[in-house]
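Trainee: Protein chains in written order, with the working numbering: chain P, 1 to 243; chain B, 1001 to 1217; chain A, 2001 to 2228.
Derived by calculation from the structure, the hints in this document are not laboratory data. A virtual CB, placed ideally from N, CA and C, is assigned to each residue, including glycine. Where hints are given, some of them may not hold.
Below 25 Å or equal to it, Euclidean Cα-Cα: the simulated SDA-like pairs (lysine to any residue) are [said to hold, decoys possible]:
id, chain 1, residue 1, chain 2, residue 2
1, A, Lys-2054, B, Leu-1084
2, P, Lys-153, A, Cys-2086
3, A, Lys-2056, B, Ala-1150
4, A, Lys-2054, A, Val-2120
5, A, Lys-2054, B, Thr-1112
6, P, Lys-153, A, Val-2120
7, P, Lys-153, P, Pro-184
8, A, Lys-2056, B, Ile-1038
9, P, Lys-142, A, Arg-2024
10, P, Lys-137, A, Lys-2056
Sample of chain P residues lacking proximity to chain A, with all beta carbon distances greater than 10 Å (derived) [as the list claims (entries may be wrong)]:
id, residue
11, Ala-136
12, His-143
13, Lys-153
14, Ala-183
15, Ala-210
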Amino acid sequence: MLGSQSLSRRSAAGLLETTPPPLEARQLSRVLQGRPILNRIDMTIAAGQILALTGLNGAGKTTLLRCLAGRLCPTTGDVLWYGNSPTRRPDLNRLVGFAGHESFLYLELTAMENLLFAARMHGLSDPQTTVNQMLAKVCLDKHAHQPAGHFAKGMRQRLSLARALVHDPPLVIFDEPFSSLDAPGRQWLEDWLKDLRTAGRAIIFTTHEAEQAQRVANETLDLRGGRLLPVSNSIAASQMRAA
Amino acid sequence: MYRILIVPAGLAALLALACYAIFVIAPQEVTMGDTQRIVYLHVAVAWCGLAGCIVMGATAAAYLARRAPAWDHWSQAAGELGWLCTTLTLATGSLWAHEAWNTWWTWEPRLTASLILWIIFAGYFLVRSSIDDPERRARLSAVLAILAVADVPLIIMATRWFRGIHPITPQMDPRMRLVLLISVACFTAFFATLIAVRRRQLDLIAHTTNLENASLT
Amino acid sequence: MNSITNFARTCSWLVHKDLLRELRAPRVWPTMLLLGMILSLAVEMQIELPRDQKQKVLGGLMWLVIFFAWTVVLNRLFAGERDESCWQALLLYPVTLGMIYLAKLVVNFLALAAIEALLVPALMILADVPLLARAGPFLAILVAANLGLAAVGTLVSSLTSGLTRQASLLVVLVLPLASPVVIGAGQATVALLGGDPTSSFRWLQLLSVFAAVFVGLGLLLFEFIIEE
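Produce the entire structure from the sequences given, and follow the hints as far as they go.
Mentor: This is the structure we're talking about:
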């Protein structure tokens, strides 16, 4: 289990006092056709923490993230967001921003329309203003009225991340967010994740690059044989302690 | 060793009883003669087809509520036997129609509804065969089975609301009515036993598959 | 009241999204409308009967044409969400599965209404079918039939989405399940044209029962289709 700092703050939806951690997995297992993909995983992420997950292809990283994001039901065990199970609680989806391998974008719609749809689904009070700000944040404001299908892969990735974060969730789950990004794009995303951490968000992401994980995250875990194994304390954590 | 023969012997006895009732007890019908005896089989298998569909739907609902694979096996077994009975319904109905109305088929509401039920059963098994994951197969099949059962009241409604050339309340000799009841009872028991046997078979297949998967990990 | 407003608003955004997608990249609706026109023309040309008999026959066949043209839309109803895994994204929003089901049902209903808006006037002009004189009862038949078809079509489309042989499975399943509606709507229309409103009303009751049952079943069962 990770060590956690507990912060008292209201969640984006104003639903809960956050004495429980933003994300907790207890004895999480997922079995597919008799084969255990995830094997009794226990983990916790605190607010203001970044956790990186590494692992070989087919290790089950995406399966784990989808379970943590409430998209996949664990075979046994629990996933808790601020102490609440997300099963059959779609109202709690406001607490999570999830971006997966696929873009989750409607390619016929423009960048603006995609984000407006997401903002409206999350019930934001002023979706247009929020979307304008988010498009500027991901440097797509000049392409706001172009269909997402016309975007290059890197642009689509940025729009996908924007869609996941348009409602400012306290818990962020990203599956290989750095893929499809060029070097400046990766630096931009690393800086954004660190800003989100400073703002008190709990973040978990997967990556194939161990160095990147150590640069960005407080803690890195490796998924192997269905279990999570600590890799090492990250460079970032060491720098934070030194500062 | 002889315990293994109890079920087949019981099934044979049921069929023998039904045949005895149909061919010996039942009197010969005035207009159609011996051909009329098809109706004892036709009504029995039609009822079994309908009952099979209802059991398929009820056990499917139980599966969605409990998620125990045994309920899915009951549903599949009931679906298979229900499909068989509906096939026999159409076949015997066609034979009877040719003798009674000089036509192999007519688009009369109840016959049409039986054909629709047959196609629904076929679709149910097409869906089952399209899905590899056992849990997903059971879940989606269960939903489809419940939708199929929702069709059954429409069959009953069609019989009451619309007159076709299909006899609705035939005037029957008391002995004929008795034979009809015996036939329905025997065939119901027969197919219910077959459903139980098939369900047991599916349980064993699933158990064997699980053992194989466990040995591979 | 607030929750009902939120429900309606969310459903409306979901419907708006689907209609906007189709408007931006029309893939399905033009095919659906064109197929409907071609089928109805082919059917009308083949029937050589006295005027009043032809009207009755076409009143029934019209529903068959609507049904087959509509299956084109049904194919894409959920398949479109599987592009870029948009379906996963839908489930990440704080919306209930009932909202998603009803939104898809509304889109389905509108697609049927679009086909009928084209085919019914065509039928009235080309075959001189006097539906305008019986507009009120015919509208009731349209609404009840559309609701029933949309309810069962949305369920079957979501069930077969992602399966192998999805397109063929969809038609094999939806035709028998929706056949009471096709038959009922056809018979109701024929009875209406034949000057038998009592019989027409009785079929309308059947259509209404079907719609109520399958909308209810849809709200109950949709979550079992969607879960992973």
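Trainee: Taking the hints in turn, state whether each one holds.
Mentor: Right, here's what the structure says about each hint:
1. A:Lys-2054 <-> B:Leu-1084: Violated, at about 40 Å.
2. P:Lys-153 <-> A:Cys-2086: Holds, because 16 Å separates the two Cα atoms, which is no more than 25 Å.
3. A:Lys-2056 <-> B:Ala-1150: Distance ~30 Å between A:Lys-2056 and B:Ala-1150 Cα, so the pair is violated.
4. A:Lys-2054 <-> A:Val-2120: 15 Å, holds
5. A:Lys-2054 <-> B:Thr-1112: 24 Å, holds
6. P:Lys-153 <-> A:Val-2120: Violated, at about 46 Å.
7. P:Lys-153 <-> P:Pro-184: Since the Cα atoms of P:Lys-153 and P:Pro-184 sit roughly 14 Å apart, the hinted pair holds (cutoff 25 Å).
8. A:Lys-2056 <-> B:Ile-1038: Cα-Cα ~37 Å, so violated.
9. P:Lys-142 <-> A:Arg-2024: 20 Å, holds
10. P:Lys-137 <-> A:Lys-2056: 63 Å, violated
11. Ala-136: Holds: least Cβ distance 22 Å, greater than 10 Å.
12. His-143: 16 Å, holds
13. Lys-153: Nearest chain A Cβ is 12 Å from P:Lys-153, so the label holds.
14. Ala-183: For P:Ala-183, whose nearest Cβ neighbour in chain A is about 25 Å away, the distance exceeds 10 Å, so it holds.
15. Ala-210: Fine: 27 Å to the nearest Cβ keeps P:Ala-210 off the interface.
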